[in-house]
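S.K.: Taken in sequence, the protein lines are chains A and B. Numbering of the first sequence is given in my numbering, commencing with residue 32 and proceeding in unit increments. Numbering of the second sequence is given in my numbering, commencing with residue 1354 and proceeding in unit increments.
No wet-lab data here; the hints were simulated from the structure. This structure is a prediction, so every number in the text was calculated from the model and none was measured. Quick reminder that beta carbons are idealized off the backbone N, C-alpha and C, glycines included. Some hints here could point you the wrong way.
Pair ranges (Cβ atoms, derived) [as the list claims (entries may be wrong)]:
| # | chain 1 | residue 1 | chain 2 | residue 2 | range |
| --- | --- | --- | --- | --- | --- |
| 1 | B | Leu1420 | A | Thr100 | 39 to 45 Å |
| 2 | B | Asn1424 | A | Gln45 | 46 to 52 Å |
| 3 | B | Glu1435 | A | Thr41 | 26 to 32 Å |
| 4 | B | Pro1414 | A | Glu36 | 45 to 51 Å |
Where chain B lies over chain A, by a calculated footprint (3+ residues, C-beta under 8 Å) [claimed, not checked]:
| # | stretch |
| --- | --- |
| 5 | 73-82 |
| 6 | 98-110 |
| 7 | 116-126 |
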Amino acid sequence: GENVEQHPSTLSVQEGDSAVIKCTYSDSASNYFPWYKQELGKGPQLIIDIRSNVGEKKDQRIAVTLNKTAKHFSLHITETQPEDSAVYFCAASNESGGGADGLTFGKGTHLIIQP
Amino acid sequence: ETGVTQSPTHLIKTRGQQVTLRCSSQSGHNTVSWYQQALGQGPQFIFQYYREEENGRGNFPPRFSGLQFPNYSSELNVNALELDDSALYLCASSLAGLAKNIQYFGAGTRLSVL
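The whole structure should be built from the sequences, with the hints applied where relevant.
M.R.: Here you go:
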């Protein structure tokens, strides 16, 4: 089955600086890669996703890059703000299968924005 | 907010008991997936329901079972509870088809097994 590794487990950055979180996956059949943000006491919130037919996607301060050859993808947050503090999860799945294998998640990155 | 609602928010049970958790999917979504999130870990896929049938399953024993109803809401049942079942249980809804894995999560049910 799929295995997703996520680094770092904790990331502390100064407000206004950029943050980068990296993930690797093992199954070359995976073709859908979402990123979720989870705040304390809440469920994961989808913030951006990318499919394997593109290498980069951007939405305002958030961007995701994908390297299919190396099987890794990254989340980039620019101009970080205090409300970006949360736990971020990467995930991978194969959308092409007839059944459902669900999303395979990394272990999460606790992002701390220092004022 | 995603529109996915789960009940109850918190639950305390004793080892060996049975529990039922409930989920209402986002309007227009016909597929429901359940995940278990242990403290400090990422969510783990339990199973998915589509058209009232189990459509895929992760590495969980048969004592984890589910139902989906005609209105697309769903239940997760866990029999013979074990201490390791203590976790946040998340429900996610999606739309079948090419977007089936664009999943929107509820806030979860926190289960404590004593």
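S.K.: Which hints from the list above does the structure break, by number from lowest to highest?
M.R.: The structure conflicts with hints 4 and 6, although it agrees with all the remaining ones.
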